Amino acid sequence: VKCLTRIFFCTDLHGSEKCWRKLVNAGEYFNADILIAGGDLTGKAFQPIIRQPDGTWECTFEDRKLIFHSEDELTHFEKELAFKGFYTYRTTPEELSDIAASKEKIEDLFIQLQIERLKKWISFAEQKLKGKKKIFVCPGNDDRFDIDSVFKESDIVINCEGKVINIDDHWEMVSTGWTNPTPWKTYREESEDRLLQRLESLINKVENVSTVIFNFHAPPYASGLDDAPKLVMKNGVLSMAGADTVAPVGSKAVRQVIEKYQPLMGLHGHVHEVKARTLIGRTVCFNPGSAYTEGTLNAVIIDLDKKKGIKNWHFISG
Amino acid sequence: LISPDGLFVVSIIVWLWVTFMIAVGAYWYRKVQRIGYYIASIVMAISLISMFLTPTETFITSYNRFMEWAFGVENAYSYTITKAAELGFSLGKEINWDATIRGLVPYMMFMFTYVVWGNPMYGEITGVNEVKITWKTLWPADLYNMFLGVMIILATQHVIGWEFYMSSAYLWCIGEGLHPYYPYPQLYWSLVNPVAGLLIAIGMNFWIWPWIMNFICTSRVALAMAFDRVLPEFIGRVDSRFRTPYGALTMFAIFSLILSYFYCYHEFWRYFLFASFGSLIAYGTTCFAGFVLPWLRKEWYSGMLERYKVGPIPLVSLLGACGAAFITWTGYRWFIDARYGINDPVGATFVIVIYGACIISYFAFKLYRKRQGIDITKTFKEIPYE
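Same order as they appear, the protein sequences are chains F and B.
Residue numbering for the first sequence follows our numbering, starting at 1 and increasing by one per position.
Residue numbering for the second sequence follows our numbering, starting at 319 and increasing by one per position.
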């Protein structure tokens, strides 16, 4: 009987194709049994590439005007951007001005691109992991609700938002990507009170709370897992208070339920700058952070022992 | 204070202050640094103005009076110049380029390799990888420091006199100084009058105490190693209230106390001088990494760096090659000149032993973690993505 379960947990992939591919391959590479991707799966920006009358393609990326003369050049650029989490969209000047004029059309295009990429991701995972392993995902506060349906047809990539799932025959995991309010007014955020209600109702479904894993995107407040650059409003624009000034931005509700129920461990994300592990009572909480823009997959590998609980852990950056 | 006991007492005071400030965390550290910096800057400005307004004669009178009272040396100002000249010192009127390049440049590198660690630390600040932020912060700070340096030299030249100052420095360097203190400018400035002395004492204290915490900031390395499972877990523990790595801090506090003892009572500087070479290796390796980056790590190079080229050669490679060549030459100059202490077998042995201990510790932990099922060689290894 196998006593050890190895979990590979990463978070905040934000559309990075390279990070997803690494996650899929991580199971074999690290000999992990369970692969978990925390919240914020989708990217934050798309890059239009405009067809020119002379047959070339053109775009302005990071203040740089780029011209692509061949399909190879363009495909290479699109791949590079996909690796960093951007979406690209080939268009014409007329179509671009039409889209730019309408917020709804921009939103529709964004959703279309996000769904396309997720479908591609699922297909890649099914190709590589069929009959071997599963990936548990949970959309985060930055993910639109439209993406949830994409996972329904897959038995390899499992959406565990709002569910209690047995990740194997011993360990339960309860998940949500909802967070406390952010300055950006994202899709899955709510007041601390409502978040607390959501968490309590989820935890009520758990069979054994002492051995459960809390997979909550928001890190517990003031835990060291939630130190983010402090933001202040300057001339109506959110800016960093100081290059080295940080403030806790985690959720008080998440902290409250961890303190109250003392689960086996907490898996968190949301704050990219952090790579940290901390103890809240007997609960070990992890946030591996994220470096998706560099195509680097930050993760934590945790070995669970049926008798001892957490036997080992190891942050990686690969 | 210059006796071993005196040095050790000062070391303990510094040790207590540094350990306390690091233990209470970055929030208070930053506040103390900022307040100290502003007060010291104001005092520095007042001191500079008062020095420019004081004639050299006032300093000569004060200095002579002090030296006669403290060390029984009469007419010390002119005696310093005469004695230095007798012992071979002359203030050259022309620049000796050969001596400057072969002597001064490696010496400046020797003095700066520690100080320049500030720049890699600056790289840890959020957003610093953006050129605009670097232009707004690091460069103005460097320019301000250069301006201050020039003003200090000009004020010293004006109030103390360059020939006297260099003569005094020369005598101290060859062990013939008329006083047992290193003749830095502010020491002489403080002799101009009691008010200036008090002001400078206050200013220098506000300058040094908030900055001195750097000495234990190396605990960050131990913290990172513990996180990467190369050191025991307790070293990586962080206090939840102050956000301080108390395990790593305790380890380094104990080490630094032991080192202070050896430094004060057992000529520890002999062992330590070779450590500068360790810094040089770090810079040289970084330059070499920059040189090979476009070929060995194409995906890292393919971002913003790719824009900058000199003809077909990537700019980063060109700069890396120049830097590596300069570092190699500097290392060579250090090795052939006994005054740096780099070629002292005692120091070299000590540092090699330290490096050896680190390598052994790494492999021991690698084996230990492997038995636990952790492969630490994969900590930063890129996961396949095809």
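If you are wondering where the hints come from, they were derived from the structure by calculation, not from laboratory data.
Some clues are possibly wrong.
Label-pair ranges, simulated between beta-carbon atoms [stated by the list, open to error]:
(1) 523/B <-> 233/F: 35 to 41 Å
(2) 233/F <-> 374/B: 32 to 38 Å
(3) 557/B <-> 52/F: 41 to 47 Å
(4) 184/F <-> 457/B: 40 to 46 Å
(5) 184/F <-> 572/B: 42 to 48 Å
(6) 73/F <-> 636/B: 21 to 27 Å
The structure displayed is predicted, hence computed values, not measured ones.
Glycine is no exception: its CB is placed at the ideal position from the N, C-alpha and C atoms.
These are the hints, each one checked on the structure:
Evaluation of the 35 to 41 Å hint for residue 523/B and residue 233/F yields a pass: the beta carbon distance comes to about 38 Å. Our hint of 32 to 38 Å for residue 233/F and residue 374/B is violated, since their Cβ atoms are close to 55 Å apart. Residue 557/B and residue 52/F have their C-beta atoms about 59 Å apart, which leaves the hinted 41 to 47 Å range violated. The supplied range of 40 to 46 Å is broken by residue 184/F and residue 457/B, whose beta-carbon atoms lie about 32 Å from each other.
A hinted range of 42 to 48 Å for the beta carbons of residue 184/F and residue 572/B is consistent with their spacing of about 45 Å. Between residue 73/F and residue 636/B the beta carbon distance is about 26 Å. The supplied range of 21 to 27 Å therefore holds.
Going through the hint list in order, the structure does not satisfy hints 2, 3, 4.
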